[in-house]
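Enquirer: Can you make the complete structure from the sequences, with help from the hints?
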Amino acid sequence: MARFSGKVAIVTGSSNGIGRATAVLLASEGAQVTITGRDSARLEDTRQAILKEGVSEANVNAIVVDVTSPDGLDLLISSTVAKFGKLNILEVIEVLLC
Numbered sequence: 774m775a776r777f778s779g780k781v782a783i784v785t786g787s788s789n790g791i792g793r794a795t796a797v798l799l800a801s802e803g804a805q806v807t808i809t810g811r812d813s814a815r816l817e818d819t820r821q822a823i824l825k826e827g828v829s830e831a832n833v834n835a836i837v838v839d840v841t842s843p844d845g846l847d848l849l850i851s852s853t854v855a856k857f858g859k860l861n862i863l864e865v866i867e868v869l870l871c
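Counting along the sequence shown from 1, when you hit position 1 you're at 774 in the numbering used here, and nothing is skipped either side.
These are calculated hints, taken from the structure and not from any lab test.
Just to be clear, a hint being listed does not mean it is correct.
Claimed, not checked - List of simulated lysine-lysine pairs, DSS-like, C-alpha gap at most 30 Å:
no., residue 1, residue 2
1, Lys-859, Lys-825
2, Lys-825, Lys-780
3, Lys-825, Lys-856
4, Lys-780, Lys-859
5, Lys-780, Lys-856
As the structure is a prediction and not an experimental result, all values here were calculated from the model.
Expert: Quick look at the structure:
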């Protein structure tokens, strides 16, 4: 059984680097993941990397949003809960709130 089976995760900053690696790992270990970033092309690259691991498209939610804005955060969380029904893991990567 995968370590994160039955869990739902949001990974911010998942369009590259540590965020991308974290999202791919969580998804490949059974989590349903919402990936997010501000660059739609790079976010699609992350989505494709997850799918290459054999993860079903139904287990990936990609959303382009700026998490430094309250509206962006609301959209991110509501989109995740609407798609997956819950939220268990929030992984914040490279976000500066000023």
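Enquirer: All the hints need checking, so say for each whether the structure fits it.
Expert: Hints, verified against the model:
With a C-alpha separation of about 25 Å, the suggested pair Lys-859 and Lys-825 falls inside the 30 Å cut-off, and the hint holds. Distance hint between Lys-825 and Lys-780 is fulfilled; the C-alpha atoms sit about 20 Å from each other, no more than 30 Å. For the hint linking Lys-825 to Lys-856, the alpha-carbon distance of about 21 Å falls within 30 Å, and the restraint holds. Distance restraint check for Lys-780 and Lys-859: the Cα-Cα separation of roughly 8 Å lies within the 30 Å cut-off, and the hinted pair is therefore satisfied.
Between Lys-780 and Lys-856, the direct Cα distance comes to roughly 13 Å. Compliance with the 30 Å bound is thereby established for this hinted pair.
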